[in-house]
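Chains as they are written, first to last, in our numbering: chain A, 532 to 959; chain B, 532 to 959.
Not one of these hints is a red herring.
The list treats identical chains as interchangeable, and a pair is accepted whether it falls inside one copy or across any two copies.
Here are the computed lysine-lysine pairs in the PhoX-like style, where the Cα-Cα straight-line distance is at most 20 Å:
id	residue 1	residue 2
1	Lys533	Lys655
2	Lys558	Lys682
3	Lys865	Lys558
4	Lys932	Lys755
5	Lys865	Lys557
Just so you know, these hints were derived from the structure itself, not from any lab.
Number of protein chains: 2
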Amino acid sequence: MKKIGIGIIGLGNIGSRLYKEILSKKKDIGLKTNTNINIVAISAKNINKKRSFKIKRKIFFKRPLDITKNPKVNIVIELIGKADGISKKIVENSLINKKHVITANKALISKHGDYLSSIAEKNKVNLEFEAAVGGGIPVLRTLKEGLATNKISKIYGILNGTCNYILSEMESTKDSFQNVLKKAQNLGYAEPSNPKLDLNGSDALAKIKILSSLAFNKKISKSKCMLEGIESIESKDIDIANQLNLRIKLLGITELVNNKLFERVHPCLVPKNTYISNVNDVMNAVILEGEPVGESVLQGEGAGPGPTSSALMSDLLSILRGNIKFPFGIPSSKRKKPVIYDQNLNFNSLYLRFEVKDKPGVLSQITRQLAKYKISIARLIQIPDHKRKRASIIIITHKSKELYSFKCLKSFKSNKNILKLPTLIRLF
Amino acid sequence: MKKIGIGIIGLGNIGSRLYKEILSKKKDIGLKTNTNINIVAISAKNINKKRSFKIKRKIFFKRPLDITKNPKVNIVIELIGKADGISKKIVENSLINKKHVITANKALISKHGDYLSSIAEKNKVNLEFEAAVGGGIPVLRTLKEGLATNKISKIYGILNGTCNYILSEMESTKDSFQNVLKKAQNLGYAEPSNPKLDLNGSDALAKIKILSSLAFNKKISKSKCMLEGIESIESKDIDIANQLNLRIKLLGITELVNNKLFERVHPCLVPKNTYISNVNDVMNAVILEGEPVGESVLQGEGAGPGPTSSALMSDLLSILRGNIKFPFGIPSSKRKKPVIYDQNLNFNSLYLRFEVKDKPGVLSQITRQLAKYKISIARLIQIPDHKRKRASIIIITHKSKELYSFKCLKSFKSNKNILKLPTLIRLF
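Throw the hints in and build the complete structure from the sequences for me.
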């Protein structure tokens with residue numbers, strides 16, 4: 532049995548769970564991979580923090596970078612997070628020193644994945660990041676192995692559990708975004724200090740970028756793309772969606788349109804009888820469309836120490852089986868830069884909510900403006916608020932060009948009868 | 532680049548699709564695995580059958596067993612089917628002759644998988660059978676790799692597309708079992724000559740047996756277990772289920788109950804708002820419960836040339852990557868015989884439908900008998916059929932012991948007011 536030394540850097544909720552998981556599964560792993568694994572190095576910001584296990588001081592390293600050059604360490608597991616700074620250095624140095632790396636860091640991989648994978652390939656070590664996308668759902672491995680030779684045309688799904696929890700909870704409790712966000716923070720579903728990266732869609736977008744490059748065998752796209760979060764969704768929108776037999780979900784979507792890459796993350800209105808609209812709470816789900824497999828669906832818990840350590844352990848086993856794989860499935864040199872689809876050309880049905888003064892002529896001002904931008908109305912609902920002399924006007928449009936709808940919405944800014952920038956949600 | 536010769540035995544719908552798939556993906560596969568693959572041998576019952584491609588006579592073998600000893604062949608793909616006879620010989624001989632084997636044959640693997648995997652391990656070759664379970668859904672690979680170190684406690688799902696199509700179609704068209712079956716046969720969803728193995732649940736059970744042994748690291752169970760198909764489901768049952776906000780699905784279920792294996796396949800009544808009840812038509816779905824991952828769901832097309840060749844190709848890539856793996860995840864010698872749970876001890880709520888003569892006292896005869904067997908009634912519906920002087924009595928019971936409900940149902944045989952053996956469907 533080959534002796535393998537593991538170094539874990541970062542001992543928060545996930546690192547701690549993984550530490551115990553590795554110890555408890557040591558025998559099982561030995562059986563499956565014919566290796567004798569040992570945790571020979573750990574590092575954390577605060578050695579004295581209260582943890583559910585006792586830290587062995589003998590294997591504790593104050594400076595995490597020391598682990599990356601320690602000859603006893605064969606595999607480094609980076610669990611600090613953030614795209615740059617110390618985590619990047621740890622991964623970079625480990626790979627340069629010919630150590631395999633496992634990371635759950637989606638920000639890092641979506642930003643520096645191309646660079647890091649080229650070092651890994653050069654040095655013939657693994658760089659694994661299953662836990663970066665979809666938590667416990669083994670979606671990267673499924674793309675690289677289970678659906679290995681499929682021609683993937685589209686991937687979409689719910690990739691952020693925080694947002695999905697908030698939207699589900701807003702629907703079931705009819706409570707406001709702010710109140711539900713607080714609840715999510717109390718439950719540990721949203722970061723207490725700075726939940727922004729979850730709420731504004733950046734987290735989901737990092738995952739979409741990783742999925743794109745794996746699915747389409749391209750370099751990670753650096754272009755700006757359509758990115759909207761859920762911060763401006765009000766319970767009013769959820770109510771109205773409900774009446775229309777629709778539900779609001781934050782979707783990440785990536786597809787090839789005429790061989791051009793079209794990536795985006797934004798709230799979508801989905802019919803209630805679809806699969807994706809029934810994925811609730813913190814669950815994640817990914818739908819893949821491929822040839823010859825057809826449509827595949829993967830669903831599971833997207834975050835938390837349990838699912839994440841399941842993914843990290845699958846990376847560990849993949850390395851222990853002794854197979855050096857290209858981190859993105861094919862050699863870096865064969866991965867071309869993607870050609871980017873011009874999102875302005877996209878057509879979508881829109882849900883528009885206008886908050887207006889209840890005065891004659893306002894509706895006609897709106898409809899005239901929409902007509903000017905070639906946006907035609909499929910459905911219109913006006914909800915009066917007599918007390919405040921206001922009204923909500925909800926318009927569902929036929930398919931309209933993204934460029935026009937963007938310009939059109941902006942044009943309403945100067946209209947004093949319209950009380951705030953209209954809310955726009957795309958129909959999926 | 533290493534040269535690899537492939538032999539395909541069986542050129543029906545699936546074999547033909549795979550043949551073309553391998554040719555068209557040759558370059559892509561070379562890139563991913565650094566190999567140069569060629570189809571060097573094929574065999575089929577009838578060389579002259581009309582196919583969508585021209586058979587190269589130079590590589591055609593009349594006797595498929597000749598392929599298993601041909602030195603040019605490194606990988607044999609068996610696509611004939613059936614548990615015994617020629618397909619078993621092909622797989623057995625190929626493994627003995629140190630050739631890797633890929634098969635889609637669930638009957639073969641569920642019956643002889645233990646024996647065949649021991650030959651594969653001894654000769655250090657792969658035996659892969661992803662396509663045997665769940666068609667395009669890479670569920671075996673997910674168990675072996677993506678969820679590799681999870682402790683799985685339960686797997687259940689819709690594993691037979693034919694049955695799921697028939698039940699979905701009976702619900703949406705309100706047509707009879709026989710008519711819908713004919714339709715399924717015309718569409719190619721059910722075998723024209725002998726659809727029995729699909730309809731009686733045997734096909735799903737073979738898959739459950741394979742899943743059990745992979746999930747729980749045990750030998751394949753040889754014991755008889757609870758097996759019921761969908762042949763006795765009438766549109767009346769589907770109607771009533773609908774009124775109760777339930778749906779009938781044929782589920783395969785395997786779990787460990789106090790470390791004892793409990794496998795079964797039978798129709799289940801599932802609430803309409805659950806995930807599994809909304810998996811319709813020919814779709815398959817598998818739900819896995821594991822620690823630490825939580826609940827994972829995989830869904831996709833369960834049959835047909837496209838999904839099946841996707842699975843076969845993933846097996847091919849796994850072999851080409853050059854990693855010899857244990858066919859069932861761990862060494863055969865470490866896989867113990869499972870201890871079997873006594874299914875008679877199981878408790879279930881039941882749906883019972885009695886067809887009775889519309890005479891006074893019949894209902895009290897039924898309820899008295901149920902009470903005798905400790906089966907208590909949660910709900911009762913009587914639907915009269917005045918014309919024929921009959922009635923249907925539907926009873927939903929509280930949780931009852933399997934042994935008692937079985938005995939109780941049998942006891943009604945002698946009651947002449949009850950026109951046929953009552954229909955029993957378990958609630959899930």
